[in-house]
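Could you put together the complete structure from these sequences and hints?
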Amino acid sequence: MAAGDQRTPGARWTPFFFLLPFLFFLLLFWVIPLIGGVQMSLHANGVGQAKYIGFAHYKALANDERYFTALRNSFVYTLASVVVIVPLALWLAHLLRASFRRLRPVLTFALLLPALTPPSVLAVLFVMVFHGRNGLLNQLFVMPLGFEPINWLKDPDFILSGLVLQTVWRWTGFMTFFILAGMEGIPRVYYEAARLATGSRWRQFWHVTLPQLRPVLLFVAVYLVVDGFSLFSGAYVLLGGSGGTADAGLLTVTYVFLKTRFFDYGSASAISISLLPLMVLALFGCLFLRRRTV
Amino acid sequence: MSGQGKTQRGALSLLLLCPFLLAVLVPFLWMVLGIFKTNNEFFQPLGKAFFPVNYEWQNVNELLDGKWVPFWDVFGNSLVVSFGQALGAVTLSAMAGYAFARFTFSGKRLLFVLAVALILVPRQLFAVPLFSWVNEIGLSDSLFGVMLPGVVTGLGVIYFTQVFRQVPEEYLQAARICGATELRVFLTVLPLVWPALLSYGMIHFILTWHEQLVPMLVLTTETKQTLPLALAKLYDVSQRTPQGVQMAASTFAVIPTAVLFALCYRKFRSSLSDMLVH
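From first to last, the protein sequence lines stand for chains A and B. Those letters in the first sequence? Residues 1 to 294, by my numbering. Those letters in the second sequence? Residues 1 to 278, by my numbering.
It should be emphasised that the hints constitute simulated quantities derived from the structure, not laboratory data. No residue lacks a Cβ here, since even glycine has one placed at the ideal position from N, Cα and C. There could be a bad hint or two in this list.
[Stated by the list, open to error] Some chain B residues well away from chain A (every beta-carbon gap over 10 Å; in silico):
1) V60
2) V193
3) P242
[To be verified] Where chain A lies over chain B, by a calculated footprint (3+ residues, C-beta under 8 Å):
4) 121-128
5) 259-271
[Unchecked claim] Cβ-Cβ distance ranges computed for the label pairs, FRET-style:
6) R201/A / I137/B: 54 to 62 Å
7) G107/B / F147/A: 35 to 43 Å
8) L187/B / A197/A: 42 to 50 Å
9) V237/B / L145/A: 54 to 62 Å
10) R9/B / L28/A: 52 to 60 Å
As structure tokens, then:
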């Protein structure tokens with residue numbers, strides 16, 4: 001940006017004037033709690049002047065099987081939701097584009113209705129409609145195929161799949177909306193050029209649509225990853241704030257919440273802090289991807 | 001492509017979309033119909049009693065009269081918190097995004113990376129230290145304690161950085177030549193990007209409307225709580241709230257965000273299409 005000097009005539013503090021409110025609240029509600037979290041994780045639990053105990057909470061975590069269960073579940077849950085939602089949303093966006101133009105807004109809106117619904121309502125609807133012996137999943141799919149009805153929220157083999165299914169139900173429509181908006185922004189010329197080169201729709205999709213959608217897809221993936229790791233209310237209502245049978249649905253935030261419930265704030269903070277390196281890694285992964293795309 | 005081929009393709013796509021539309025709409029329809037059901041009807045298998053026997057408003061009345069939760073207080077609180085937080089987030093993010101997009105200054109890259117990092121750290125993970133800090137500065141059990149922490153958002157900053165990059169430089173220069181102060185220049189640009197302001201405000205409103213963990217920790221008085229907390233209370237089995245009342249509350253919880261989205265739909269989509277690809 002060589003024109004920088006020209007853009008900021010005179011005062012050097014002008015950009016900071018615009019940044020100041022943001023930085024103030026950043027400091028007040030992010031940096032300070034973060035430091036507070038680090039401090040909490042290094043002290044024994046208690047009010048006021050708690051005793052400094054070094055890395056004891058972290059050492060305890062290293063031997064805590066539930067902690068690793070929670071991490072693994074969160075990881076599997078997040079990965080599964082990205083892997084299912086992104087291709088499905090791409091396909092739905094394609095179908096919406098191919099369907100009648102006039103119906104498109106109504107159809108899109110209907111599909112993203114779950115994303116507008118509070119997660120706790122969503123969880124209740126999900127349980128009532130899909131779950132249980134009389135639920136649609138069992139009535140329409142599992143039992144006609146000759147299997148025993150599955151108890152999605154009690155059977156440890158299926159709890160995590162139940163949570164993933166709920167996320168898919170929640171976010172697919174919303175992501176479809178983003179991808180559709182991205183698709184509509186791709187200049188027609190590209191397709192005309194592609195049509196001259198190849199008649200195959202599949203190759204047009206592969207060589208024009210997909211590369212053009214990369215920023216959107218990146219956004220969608222990042223959003224889902226962050227949401228996956230912060231899932232709380234959905235799992236809270238579905239599993240009553242616990243990890244479910246045999247901890248099969250124990251997610252990281254749920255575990256933090258469980259610790260808080262027993263006033264084990266030190267340990268709760270240690271879990272949060274221990275995730276930071278993972279997040280930083282994810283961040284650099286995204287920046288790396290972004291650089292390669294642009 | 002011929003007109004007939006296009007129609008056929010449209011019809012086929014619509015057919016393929018149908019199962020997905022049903023999977024979304026049936027539960028919501030069932031929720032709304034649930035308002036009119038007695039507990040007994042409610043727990044019948046889905047196919048047998050999808051529609052209620054009588055359409056009576058008793059459950060809605062009970063909810064609105066505050067028999068189970070102080071509904072109007074809670075609903076109002078949610079509106080205030082969501083609207084306030086959305087307004088704050090748009091203001092802060094737009095200003096910061098403008099600075100990132102339009103100025104060069106030392107430490108810019110570092111600050112920007114910090115903003116991106118904010119996106120990737122789920123707020124819920126730091127709910128506990130945030131909660132104790134909010135207590136310390138005297139905002140416990142206050143709507144401000146829920147509203148203010150959420151006004152800082154990495155997503156917003158990045159979004160507005162992209163938005164302000166697209167404003168033509170000539171526009172800013174013209175304002176400067178007319179002798180406008182820097183703040184004035186910024187204010188003259190705002191009308192150009194108002195669909196973006198509206199879109200981001202809407203998204204943030206929806207996210208705040210859904211937030212549960214931080215309000216749960218901060219707000220303790222029943223009349224000061226927000227809608228998701230009241231919903232959790234209604235859903236709690238030990239409260240024995242009639243199912244119809246639960247469904248009425250759920251329906252009312254969906255209406256504001258759905259209406260808001262429907263109203264902003266067109267603006268939001270065109271502003272996204274402009275931005276996502278370029």
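Results for each hint:
Once the 10 Å rule is applied to beta carbons, V60/B is consistent with being away from chain A; the minimum gap is 16 Å. For V193/B, the shortest C-beta to C-beta distance to chain A comes to about 14 Å, beyond the 10 Å cut-off, and the non-interface label holds. At roughly 14 Å from the closest C-beta of chain A, the C-beta of P242/B stays outside 10 Å, upholding its exclusion from the interface. Only residues whose C-beta sits within less than 8 Å of a C-beta in chain A count toward coverage, and the region 121-128 of chain B has 8 of them, enough to reach three; the restraint holds.
Remark: the region 259-271 of chain B is confirmed as covered by chain A, as 5 of its residues place a Cβ nearer than 8 Å to a Cβ of that chain, reaching the required three. At about 59 Å, the beta-carbon gap between R201/A and I137/B stays in the expected band of 54 to 62 Å. For G107/B paired with F147/A, a C-beta distance near 60 Å fails the hint of 35 to 43 Å. At roughly 48 Å, the beta-carbon separation of L187/B and A197/A lies within the given 42 to 50 Å, and the hint holds.
Our hint of 54 to 62 Å for V237/B and L145/A is violated, since their Cβ atoms are close to 32 Å apart. The supplied range of 52 to 60 Å is met by R9/B and L28/A, whose beta-carbon atoms lie about 55 Å from each other.
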